[in-house]
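A.B. asks: Input sequences plus hints: build the corresponding full structure.
Chains Z and C supply the protein sequences, listed in that same order.
Residue numbering for the first sequence is 1125 to 1409, as defined by this note's numbering.
Residue numbering for the second sequence is 334 to 495, as defined by this note's numbering.
Hints in this document: simulated from the structure, not taken from any laboratory.
All of these numbers come straight from a predicted model, not from anything done at the bench.
Be careful, since some hints might not be right.
[Unchecked claim] List of simulated lysine to aspartate or glutamate pairs, EDC-like, C-alpha gap at most 16 Å:
#	chain 1	residue 1	chain 2	residue 2
1	C	K377	Z	E1272
2	C	K343	C	E406
3	Z	K1311	C	E458
4	Z	K1185	Z	D1201
5	Z	K1311	C	D379
6	Z	K1220	C	E458
7	C	K377	Z	D1161
8	Z	K1220	C	E451
9	Z	K1220	C	E370
10	Z	K1283	Z	E1272
11	Z	K1311	C	D459
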Amino acid sequence: MLPPFELSQPQTLPEALRALAEDGGQPLAGGTNLFPDLRSGREKGDQFVSLALVEGLRYIKHTEQRITLGSGTTMSDIVHDPKMETAAPALAAAAKIFAGTMVRTAATIGGNVCCGSPSADTVPPLLTLAADVTLSSASGERTVPLDEFYTDYKKTVMKPDELLTSVSWAPPAPGSAHLFYKLARRKGDAITVTGVSVMIAADAGKCTTARVALGSVAPTVFRAHEAEDLLVGQALTPDLIEQAAKAAAHQCSPIDDIRATADYRLQTAHALTRRLITQAWKQVA
Amino acid sequence: MSTDKIITLKVNGSAVKFIAPAHRTLLEALRHEGFVEIKCGCEKGDCGACAVLLDGEPVDSCLTLAWHADGHEVTTIKGLGSPENPDPLQKAFIETGGAQCGYCTPGMIIAAKALLKENPEPSLEDIKRGLSGNLCRCTGYTRIFEAVQVAAEELRREGDVA
Ligand SMILES: Cc1cc2nc3c(=O)[nH]c(=O)nc-3n(C[C@H](O)[C@H](O)[C@H](O)COP(=O)(O)OP(=O)(O)OC[C@H]3O[C@@H](n4cnc5c(N)ncnc54)[C@H](O)[C@@H]3O)c2cc1C
Ligand code: FES
Ligand code: FES
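C.D. replies: Given below as structure tokens:
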């Protein structure tokens, strides 16, 4: 049983934004986070605005300059879009092993980004794409780099009357490598213990782009900027990659929980960062 | 406090109409209407016992609001076949021993149906991943995976004949 709540079902974005501003409800997308949390009491709320019927939130748009996902795009939509394999290889990989079949049908990218969980699997791949999120409210629209979206555990810069309407990024450079690795207790339908994504591009033997993002090892998913700075402009050697992995691990502040200890998370963050950068460099160099 | 609404949907091809408040899940609503072939396990998306097809797509009915299913089509395990005319998956689950207590079976077969629609020739690994949202406490899964392989072969043979 879910606790009782009121639900409005707007059909257009302006109606949804008005409902958020005036009735003070909370957005409800796929409900795959909200419903379990409401049922267990981790989440309170008796006023929701359903995004299910809002027109124009569920789409994938590919242009030469930009790939844009409406916030209502589901994990299955991403899995079923063959272009995603080149538009965002690591995101396609993350969507494929996200939850189980039934949850993927309902879970949206907007909900995954907005829930602010450190283990949200689409976030490391989106961070290494240097994605932007568009936030809309009754008074206007703003675009924020995803890298500046999270402020603390389950906290974001989003205001209560704002909706995340889309996520977008520039296509990866041709020949770049975009990877994601999810370490979990089992291969399917498991919560991430340590998640790592990297984007590496090279030109004339030097690394031109280096982005590294880690999940489940700090209060928020984060970009390992220090590690990235060590790599850009260099020919990557095992030594340098090890230094970068160390720098990334240095930025982690993991916790113990039922899935793993903090120490295990730290060691795997280090090892997986090293492994993924090495693998990516082999692909691009 | 919660306002009630009349919900009209189709279940296994027949119209069903009921009144539900916003927080009523599709699982609760349909079991109340007599569709007790939909099983209730965890009510939080972990076990897949409550899986149904919503407009052909597999969902956990415990994570779906009845309001969100308004005007849509639901298929339960009973909509896939009958004892006289079973779906190849139903037949294979019986023949291989893929069902023991049977509690997970409706959801397993719904998830397997969705898997085979997308991937008619799944590897063992594909089957394991395709059913990772379904838990079984009896079989140890081996017979379930076998049943899906047997059904996949049967469906491919049917496809060749047609
Ligand atoms: C069995 C199970 C397995 C799971 N496995 C995984 C997994 O492998 N990886 C993973 O990352 N997650 C997993 N999850 C968590 C969950 O499925 C995802 O985080 C999902 O993407 C949430 O999306 P949703 O549409 O269901 O969000 P909802 O539950 O509807 O919403 C989540 C939060 O985001 C807010 N929100 C939603 N959309 C918007 C918007 N457009 N604008 C502003 N705020 C918004 C809501 O108000 C709420 O606070 C799992 C959940 C379950 C139940
Ligand atoms: S009862 Fe719905 S997934 Fe367990
Ligand atoms: S047969 Fe008993 S739970 Fe699977």
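A.B. asks: Work down the list of hints and note, for each, if the structure agrees.
C.D. replies: Taking the hints in turn, this is what the structure says about them:
1. Restraint check for C:K377 and Z:E1272: the C-alpha separation of about 31 Å exceeds 16 Å, so the hint is violated.
2. In summary, the hint linking C:K343 to C:E406 is supported, as the alpha carbons are separated by about 5 Å, within the 16 Å threshold.
3. Of the supplied pair hints, the one linking Z:K1311 and C:E458 holds, its CA atoms being roughly 10 Å apart against a limit of 16 Å.
4. For the hint linking Z:K1185 to Z:D1201, the alpha-carbon distance of about 12 Å falls within 16 Å, and the restraint holds.
5. With a C-alpha separation of about 15 Å, the suggested pair Z:K1311 and C:D379 falls inside the 16 Å cut-off, and the hint holds.
6. Using a Cα cut-off of 16 Å, the hinted pair Z:K1220 and C:E458 holds, with the two alpha carbons roughly 13 Å apart.
7. For the hint pairing C:K377 with Z:D1161, the CA-to-CA distance comes to about 9 Å; that is within 16 Å, so the pair holds.
8. For the suggested pair Z:K1220 and C:E451, the alpha carbons sit about 13 Å apart, so the restraint of at most 16 Å is met.
9. Of the pairs offered as hints, the one joining Z:K1220 and C:E370 is violated, with about 29 Å between alpha carbons and a cut-off of 16 Å exceeded.
10. A distance of roughly 14 Å separates the Cα atoms of Z:K1283 and Z:E1272; the hinted pair therefore holds under the 16 Å criterion.
11. For the given pair, Z:K1311 sits about 11 Å from C:D459 by alpha-carbon distance, which is consistent with the 16 Å threshold.
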